[in-house]
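A.B. asks: Next come the chains, spelled out residue by residue.
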Amino acid sequence: GAVVSQHPSWVICKSGTSVKIECRSLDFQATTMFWYRQFPKQSLMLMATSNEGSKATYEQGVEKDKFLINHASLTLSTLTVTSAHPEDSSFYICSARDINFLAGPYEQYFGPGTRLTVT
Amino acid sequence: AQSVTQLDSHVSVSEGTPVLLRCNYSSSYSPSLFWYVQHPNKGLQLLLKYTSAATLVKGINGFEAEFKKSETSFHLTKPSAHMSDAAEYFCVVSDLWSGNQFYFGTGTSLTVIP
Numbered sequence: 001g002a003v004v005s006q007h008p009s010w011v012i013c014k015s016g017t018s019v020k021i022e023c024r025s026l027d028f029q030a031t032t033m034f035w036y037r038q039f040p041k042q043s044l045m046l047m048a049t050s051n052e053g054s055k056a057t058y059e060q061g062v063e064k065d066k067f068l069i070n071h072a073s074l075t076l077s078t079l080t081v082t083s084a085h086p087e088d089s090s091f092y093i094c095s096a097r098d099i100n101f102l103a104g105p106y107e108q109y110f111g112p113g114t115r116l117t118v119t
Numbered sequence: 001a002q003s004v005t006q007l008d009s010h011v012s013v014s015e016g017t018p019v020l021l022r023c024n025y026s027s028s029y030s031p032s033l034f035w036y037v038q039h040p041n042k043g044l045q046l047l048l049k050y051t052s053a054a055t056l057v058k059g060i061n062g063f064e065a066e067f068k069k070s071e072t073s074f075h076l077t078k079p080s081a082h083m084s085d086a087a088e089y090f091c092v093v094s095d096l097w098s099g100n101q102f103y104f105g106t107g108t109s110l111t112v113i114p
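From first to last, the protein sequence lines stand for chains V and W. Position 41, counted from 1, in the first sequence is what our numbering calls 41; the numbers after and before it change by one each time, with no gaps. Position 105, counted from 1, in the second sequence is what our numbering calls 105; the numbers after and before it change by one each time, with no gaps.
These are calculated hints, taken from the structure and not from any lab test. Quick caveat: nothing in here was measured; it's all calculated off a predicted structure.
Pair ranges (Cβ atoms, derived):
#1 V:119 / W:18: 40 to 48 Å
#2 W:62 / V:5: 25 to 33 Å
#3 W:15 / V:59: 33 to 41 Å
#4 W:83 / V:41: 16 to 24 Å
#5 W:114 / V:53: 50 to 58 Å
#6 W:3 / V:18: 30 to 38 Å
#7 V:87 / W:53: 38 to 46 Å
#8 W:70 / V:57: 30 to 38 Å
#9 W:62 / V:16: 44 to 52 Å
#10 W:51 / V:119: 40 to 48 Å
#11 V:16 / W:18: 45 to 53 Å
#12 V:15 / W:58: 43 to 51 Å
Think about it this way: if two alpha-carbon atoms lie no more than 25 Å apart in a straight line, the pair counts; the simulated DMTMM-like pairs of lysine to aspartate or glutamate are:
#13 V:55 / W:95
#14 V:41 / W:15
#15 V:66 / V:52
#16 V:41 / W:85
#17 W:42 / V:87
#18 V:14 / V:88
#19 V:41 / W:8
#20 W:58 / W:71
#21 V:55 / V:22
#22 W:69 / W:8
#23 V:20 / V:52
#24 V:64 / V:87
#25 W:58 / W:88
#26 W:42 / V:107
#27 W:58 / W:85
#28 V:41 / W:88
#29 W:42 / V:22
#30 W:42 / V:88
For every residue, glycine included, the Cβ atom is placed at its ideal position computed from N, Cα and C.
This is chain V alone, in the form it adopts within the complex:
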């Protein structure tokens, strides 16, 4: 159980275009999902916290107009990188928190990541 999927697993796009990444909790419901960014050989950096039915909370330094997050249902959150540039190339990882208290409100289940390359 507790599987999180991401789609696509990798994507190449041209500079100036927009890219949407989906994060789905497959066998549980998640009121909260998180989006992380990871540069090569570095740790994960939290970009934003996404709550179902409300606006996302962005970390300091993350442009909310560039990284659009939508969490329209309890099983799906999307991250759209708008007007992508080469510096946006990175590994994007989402995670989801199970709303079932017995599963532990503190645990996050991670997706496999999406490799974005902007040319």
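Add chain W to chain V, keeping to what the hints say.
C.D. replies: This is chain W only, laid out in the frame that chain V set:
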């Protein structure tokens, strides 16, 4: 403020020898602590977690970690390294005070020498 320090950015061991990956944390409240493993170009897999139950936590693939409050440590160990253990390992702290947000360490890269 919550933070995690992974004391070694890189650890190299011979196959069959013990593994020790060190993690120290700072937390204002009763913390939850996690170890995750990440293989190249893959997502994170949970190895084990501590959530105020037994201080010695056993995880998958023979890994275990001991929560030591007096030392604010949560070191990851394995008695005998396997080639498949070569990966990046992240220590994570979370607590209610921070709304259960995850704070990641900078990671430790484990190399296993045949």
